[in-house]
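UniProt numbering puts the first residue of the sequence shown at 1, with every later residue one more than the last.
Hints were generated in silico from the structure; no laboratory data involved. Heads up, some of the hints might be wrong.
[Unchecked claim] Capping the alpha-carbon separation at 25 angstroms, the derived lysine-lysine pairs in PhoX-like fashion look like this:
#1 Lys268 - Lys83
#2 Lys39 - Lys75
#3 Lys72 - Lys61
#4 Lys83 - Lys39
#5 Lys72 - Lys122
#6 Lys69 - Lys39
#7 Lys122 - Lys71
#8 Lys122 - Lys61
#9 Lys268 - Lys257
#10 Lys155 - Lys122
#11 Lys61 - Lys83
#12 Lys71 - Lys61
#13 Lys75 - Lys61
#14 Lys69 - Lys122
#15 Lys39 - Lys71
#16 Lys75 - Lys122
#17 Lys39 - Lys122
#18 Lys75 - Lys155
#19 Lys72 - Lys39
Source: prediction; values computed, not measured.
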Amino acid sequence: MKKISVYEIVTNKIIDQLEKGIIPWRMPWSKNGLARNWKTQRPYRGINAMLLAPGEYLTFKQVQEAGGKVKKGAKGQTVVFWKFPKDQEEGEVVQVEGQKRAPILRYYNVFHIDDTEGIESKRIGEEWNHDPIQEAERIAASYQQGPSISFAPGKAFYRPSTDQVSIPSLSDYRQPEEYYSTLFHELAHSTGHHSRLNRTGVVASNGFGSEVYSEEELVAEMAAAMLCGVARIENVTLENSAAYIGSWLRKLKSDPKMIIKAGSAAQKAADWIQGVTHEEH
1 MKKISVYEIV TNKIIDQLEK GIIPWRMPWS KNGLARNWKT QRPYRGINAM
51 LLAPGEYLTF KQVQEAGGKV KKGAKGQTVV FWKFPKDQEE GEVVQVEGQK
101 RAPILRYYNV FHIDDTEGIE SKRIGEEWNH DPIQEAERIA ASYQQGPSIS
151 FAPGKAFYRP STDQVSIPSL SDYRQPEEYY STLFHELAHS TGHHSRLNRT
201 GVVASNGFGS EVYSEEELVA EMAAAMLCGV ARIENVTLEN SAAYIGSWLR
251 KLKSDPKMII KAGSAAQKAA DWIQGVTHEE H
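Kindly generate the complete structure, drawing on both the sequences and the hints.
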């Protein structure tokens with residue numbers, strides 16, 4: 001009887017989760033990295049949350065009022081807002097002297113706190129003191145000639161052009177398992193670099209939401225779940241993994257072979273990170 005590999009076990013669990021329905025996926029790190037107004041400490045919302053990198057922001061006037069100054073050469077970032085006629089509710093078009101008046105989109109510039117001098121951060125962040133999970137650390141360390149890794153709050157990504165992984169640090173996560181799941185996901189993306197497995201989803205992706213992009217996300221998340229299985233932390237992360245995969249699978253129903261192809265590519269990615277050759281299975 002053929003012995004079932006950890007890859008197959010994890011893949012089967014993922015498929016089982018998908019068949020039970022979609023669980024809303026969430027970013028596993030804390031809110032420390034959100035873009036927020038320095039003065040009020042309120043996070044920016046809507047499109048502004050997408051326009052601004054993580055951190056605290058001030059208007060030029062706020063910088064002056066706080067006794068600081070903007071660094072020479074610093075560039076402001078755009079924040080947008082709707083200006084409404086008096087007594088108008090959001091999204092409502094009102095009559096003013098017989099004429100319809102719609103809300104007007106306005107903008108102003110803000111500066112990241114790092115682009116100022118004499119301004120102290122007001123952020124009171126959440127941090128967790130986790131002990132590293134040794135087996136997960138060993139797996140990450142086994143990735144020979146891998147990408148550079150940097151730690152910054154607010155988002156996780158792999159940038160093929162510079163062969164760089166950036167993720168929030170371990171202390172930004174409520175559970176250490178979520179940190180390693182995120183790390184494995186981004187490392188899996190990096191295996192697709194042209195100098196490694198040369199995967200289409202990394203070297204020739206044609207943008208967010210496309211089939212190629214969707215397949216690459218599926219590959220990375222399945223590989224991350226496989227590596228979590230090897231590190232014996234799969235039970236903590238599988239539901240998040242399954243939810244992420246499910247959100248993409250809804251766009252890929254036209255290709256029923258996708259999960260099989262992605263599973264094969266994910267195993268190759270997990271093997272590459274661990275330095276395992278096919279013959280060693």
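> Looking back at the numbered hints, which does the structure fail to meet, lowest number first?
Replying inline: Hint check: 1 fails alone, others pass.
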